[in-house]
Amino acid sequence: MTLIRKNFDVLIIGAGGAGLNAAVQLAEADLRVAVVSKVFPTRSHTVAAQGGVNAALGNVDEDKWHWHMFDTVKGSDYLGDQDAIEFMCREAIPTVYELEHQGVPFSRLDNGRIYQRPFGGQSRNFGAEQATRTCAAADRTGHAILHTLYQQNLKARSHFFTEYFAIDLLQDEEGGVTGALVMDISSGEPMILNARATLLATGGCGQVFRTTSNAHINTGDGMAMALRAGVPLQDMEFFQFHPTGVAGRGMLITEASRGEGGYLINKDGERFMERYAPTAKDLASRDVVARAIVTEVREGRGCGPRGDHVLLKVDHLGEATVAKRLPGIRETSRIFVGIDPAFEPIPVYPTAHYVMGGIPSDRFGRVVAPARHGPEEVVSGLYAAGECACVSVHGANRLGGNSLLDILVFGRLSGLDILEYLEEHPRHGQTDSASEEKAMARFQRFDREGEGIAVAELRAELQKVMEDHAGVFRTREIMQEGLEKVRAIRDKLDDVRLHDRSRTFNTARVEAFELENLVDVGMSIVTSALHRQESRGAHSRPDYPERDDRNWMRHSLYFREDDRLDYKPVRTRPLSVESFPPKARVY
Amino acid sequence: MRFEVYRYNPDTDAKPRMQAFDVEVERGMMLRDVLLQIKAMDESFAFRHSCGEGVCGSDGVNVNGSNRLACITPVAEFQEPVVIRPFPGRPVIRDLVVDMSDFYQQYQAVDPWLKRKDPVPEQESLQTPEQRARLDGLWECVMCGCCSTSCPSFWWNPDKFLGPQALLTAWRFLADSRDQGEEERLDALDGPYKLFRCHTIMNCVEACPKHLNPTGAIGHIRNLMLKKSV
Numbered sequence: 001m002t003l004i005r006k007n008f009d010v011l012i013i014g015a016g017g018a019g020l021n022a023a024v025q026l027a028e029a030d031l032r033v034a035v036v037s038k039v040f041p042t043r044s045h046t047v048a049a050q051g052g053v054n055a056a057l058g059n060v061d062e063d064k065w066h067w068h069m070f071d072t073v074k075g076s077d078y079l080g081d082q083d084a085i086e087f088m089c090r091e092a093i094p095t096v097y098e099l100e101h102q103g104v105p106f107s108r109l110d111n112g113r114i115y116q117r118p119f120g121g122q123s124r125n126f127g128a129e130q131a132t133r134t135c136a137a138a139d140r141t142g143h144a145i146l147h148t149l150y151q152q153n154l155k156a157r158s159h160f161f162t163e164y165f166a167i168d169l170l171q172d173e174e175g176g177v178t179g180a181l182v183m184d185i186s187s188g189e190p191m192i193l194n195a196r197a198t199l200l201a202t203g204g205c206g207q208v209f210r211t212t213s214n215a216h217i218n219t220g221d222g223m224a225m226a227l228r229a230g231v232p233l234q235d236m237e238f239f240q241f242h243p244t245g246v247a248g249r250g251m252l253i254t255e256a257s258r259g260e261g262g263y264l265i266n267k268d269g270e271r272f273m274e275r276y277a278p279t280a281k282d283l284a285s286r287d288v289v290a291r292a293i294v295t296e297v298r299e300g301r302g303c304g305p306r307g308d309h310v311l312l313k314v315d316h317l318g319e320a321t322v323a324k325r326l327p328g329i330r331e332t333s334r335i336f337v338g339i340d341p342a343f344e345p346i347p348v349y350p351t352a353h354y355v356m357g358g359i360p361s362d363r364f365g366r367v368v369a370p371a372r373h374g375p376e377e378v379v380s381g382l383y384a385a386g387e388c389a390c391v392s393v394h395g396a397n398r399l400g401g402n403s404l405l406d407i408l409v410f411g412r413l414s415g416l417d418i419l420e421y422l423e424e425h426p427r428h429g430q431t432d433s434a435s436e437e438k439a440m441a442r443f444q445r446f447d448r449e450g451e452g453i454a455v456a457e458l459r460a461e462l463q464k465v466m467e468d469h470a471g472v473f474r475t476r477e478i479m480q481e482g483l484e485k486v487r488a489i490r491d492k493l494d495d496v497r498l499h500d501r502s503r504t505f506n507t508a509r510v511e512a513f514e515l516e517n518l519v520d521v522g523m524s525i526v527t528s529a530l531h532r533q534e535s536r537g538a539h540s541r542p543d544y545p546e547r548d549d550r551n552w553m554r555h556s557l558y559f560r561e562d563d564r565l566d567y568k569p570v571r572t573r574p575l576s577v578e579s580f581p582p583k584a585r586v587y
Numbered sequence: 588m589r590f591e592v593y594r595y596n597p598d599t600d601a602k603p604r605m606q607a608f609d610v611e612v613e614r615g616m617m618l619r620d621v622l623l624q625i626k627a628m629d630e631s632f633a634f635r636h637s638c639g640e641g642v643c644g645s646d647g648v649n650v651n652g653s654n655r656l657a658c659i660t661p662v663a664e665f666q667e668p669v670v671i672r673p674f675p676g677r678p679v680i681r682d683l684v685v686d687m688s689d690f691y692q693q694y695q696a697v698d699p700w701l702k703r704k705d706p707v708p709e710q711e712s713l714q715t716p717e718q719r720a721r722l723d724g725l726w727e728c729v730m731c732g733c734c735s736t737s738c739p740s741f742w743w744n745p746d747k748f749l750g751p752q753a754l755l756t757a758w759r760f761l762a763d764s765r766d767q768g769e770e771e772r773l774d775a776l777d778g779p780y781k782l783f784r785c786h787t788i789m790n791c792v793e794a795c796p797k798h799l800n801p802t803g804a805i806g807h808i809r810n811l812m813l814k815k816s817v
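So the sequence lines, in the order shown, correspond to chains A and B.
In terms of my numbering, the first sequence opens at residue 1 and continues consecutively.
In terms of my numbering, the second sequence opens at residue 588 and continues consecutively.
Pulled out of the complex, with its shape left as it was, chain B reads as follows:
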């Protein structure tokens, strides 16, 4: 099978180029297996990867136009040639490795930790299975970045629009029955950019390899804000 891979090494290349590799594909092979075979042919090929089973979130790439986690993407489903590029809209460090600083900064900007005002109990705080179930589909995010880097609003304003990942995280804490920071969280999300630059394009939902729904989370935050303002 033919793969065309984005190559750029700032030490040696004046500009990026595409390079073709032919890889023998076996049944059940994932895209990461292909990247590893390419690496075996050409040691200078750089990409991130680690767990190999979709839980660490390291190996997000753009393949035939969509953002995917390479290790859980079967190769069989693709049309040739398979075009593999780094995430769109991010500065390229080398080959498929991009600079994700903005993405991490936006995550940090939503205060991604539980805020409590009451003193903590001696044992666990109680939470009913129903209250806990509200967090399902929110806490499983692996921070791979597939969603935010496929979002046009994040491409234009990565420093001002929080992007789908950070907003999913914001809702993860707003939805937690143990969290007592609702007011300050909502205040911090107010304004024209941070939350409201979401135009419901829904690229994030399509891109999420964990089948999470950032657009839905953003809708929940908007509703809550509306409810608070009236």
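In isolation and in its complexed conformation, chain A is listed as follows:
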């Protein structure tokens, strides 16, 4: 086997919103940018984002980025870093204008401005009346944005390695990142991509759960690569269950359906959210609504023959509104449930949706980890942005419409910071041969012969364990058991064998690598969750029902080596405004 080696200025792994927005900054600056994606770029999961992107444009009602910032801090249950949150909410406004200039087909208001709709957890005047802040292209906003960003990259001539799978990061002797070992999926051949800076923009890991809104490709590859390179994962116990997945299937019914005036009912026809969130009702924060639905079902007020879901009503909005504002979920409901939501309610139940945690990074996209001088030392040459990163702007719970915003703002800023970094680092780093050998050994390990466990079997086992032991409500017993089970699955990884060892487009081989990544991510979730003894945001423990700011207003850091945990403080100081001190979180 000949090992091909290529040199680039920048290596970007992942071609969703974050990766593409970084790439376009760099390619426009005439740098040699390699974008590695395991799927054709427009297949990235950003395409599935529905409801919209938040920015205090004030097109419908008066709005301010400061209010957006307050909502995001509160939504995060005060675990978000306030400097990063301030930055994101301010940048939201020029970011959305830039997207519009690039060609995103936003829906429009009568006066020609970008259409905005209300979303959960949004307010005006620091917690008063509902705000209208989410900019939307019908309910296919992610599609509109991803396609536009791909087009901008075609224009800027970024170099795409499409259908290449990243195996592992490469490092120099000091742990600085020098590129990655990747595999051409169509030929099965390995390749070394050397770069002066590497950006991980690989998205989420929802496939760690059985019922998820996430695509098949969302297997936490970048997070696991970072873990194996010695970088910890931050706040992985905070996994968002979106309240309204299609019951039993998991595909998403956007929060925009409630933003447009839809609401939830139980089997008695009761609008039960009034009991859980008297003011915000169906537009309370996602963790609040998800817990309410699970509670309704557990207490016997679920709908359907098995009483295992609730109903989402949008039929009272009228067919015209559903057709204009929610065409995507109408199509999804027709295809997967066989109903038309313009006339019938949709059966829904929470579905694993978004990981608030990820690779610790600062607001410039630089990966930071505890080292000699403090808890946030920069890992040389390594950046992370998007869902795989934890800046942290979502803290313990993410607001709807802030995910697209996160990937766009921090993707762009990573690109700009890399430009500066490259000026200070004009030469390629020297990859440590041990690091390259380790990556190659991992690449070759599924060539092993003999009988063993099948990938699909072990993946299904992991997804079931995670669903049963790291779901919406978590007690110590449940999680302790979960941890032991995931650990047992990790031990079994050594016995995984491929029956098909051919080179050409071997999807079984890709799935084997993905399974290893999922197991590493699963371990980080259960380990971090078991140790956090409080209820905050999406992490809800009946055995510790209260938020405990004195002991737990801090970020968890999980290290793969020895499954070790460490902690670091939350950054409560914003850039230019007063800090929002923790308060009881009511909607």
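This list has only true hints and no planted wrong ones.
In the SDA-like style, the derived pairs of lysine to any residue whose C-alpha atoms are separated by at most 20 Å in a straight line are:
1. B/K797 with A/G338
2. B/K747 with B/P675
3. B/K704 with A/H101
4. A/K485 with A/F473
5. B/K626 with A/S502
6. B/K702 with A/H101
7. B/K704 with A/L154
8. A/K155 with B/D774
9. A/K324 with B/T715
10. A/K155 with B/K704
11. B/K702 with A/R157
12. A/K324 with B/K797
13. B/K626 with A/A460
14. B/K797 with A/P327
15. B/K626 with A/R210
16. B/K702 with A/L154
17. A/K155 with B/L773
18. B/K626 with A/Q463
19. B/K626 with A/S186
20. B/K797 with A/I339
21. A/K155 with B/Y691
22. A/K464 with B/Q624
23. A/K155 with B/K702
24. B/K747 with B/D698
25. B/K626 with A/E511
26. A/K155 with B/P706
27. A/K492 with A/A441
Not the full set, but computed from the structure, chain B residues with beta-carbon under 10 Å of chain A:
28. D598
29. G615
30. D629
31. S631
32. Q710
33. P716
34. V729
Reference listing, derived: stretches of chain A covered by chain B, where coverage requires no fewer than 3 residues with Cβ under 8 Å from a Cβ of chain B:
35. 41-50
36. 215-225
37. 324-337
38. 488-502
If you're looking for bench data, these hints aren't it; they were derived computationally from the structure.
If you're wondering where the values come from, they're calculated on a predicted model, not measured in any experiment.
Beta carbons are placed, not taken as given, at the ideal position from N, Cα and C, and that holds for glycine.
Please build the complex by placing chain B on the supplied structure of chain A, with the hints as guidance.
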């Protein structure tokens, strides 16, 4: 239910073959669920898929003669045996995985980005709901390739005829009130092949899983060209 699946692995097979699988079909099952079950029986079976809900455009295949997105195609509607093949007219990499390079190149060839000559405003460019509505049915394309790979003109001239997908994209930008590249776009589409190889067979309209109308878009471009030439 019986499924006959196209198999070809260049590492081990001298030529392609069809292989039969019996899959227990449950109510509400999509074609992708069947492909996944086949994969569970035989790990060496290769196909692309991802989102599972018809938005990423990965899992286009040819089933009983028509191009479909597997994840949003209910199995119940088919007659047995269900014959699943890769997209017609494309080089096969392995099993149902085809080489889509020509298709992507044609997309790129229409300059699929907004062209502006005026400086951009400080805030958003304005667009009335009516102007914006002209883009509906154009921007929702997921680039699955069902249309272009069911088009005989694209089969014969995949390097010269742009095909329904790229032409739909060309019209998406021509129809955008913010775009100022009309003249150069129309010039680039001129000639006997790029646009005019469309013979209005309308296979593309039938094949589109998102219910878009590339033939209609092509008609609009022709009309615009005609209007400009007189």
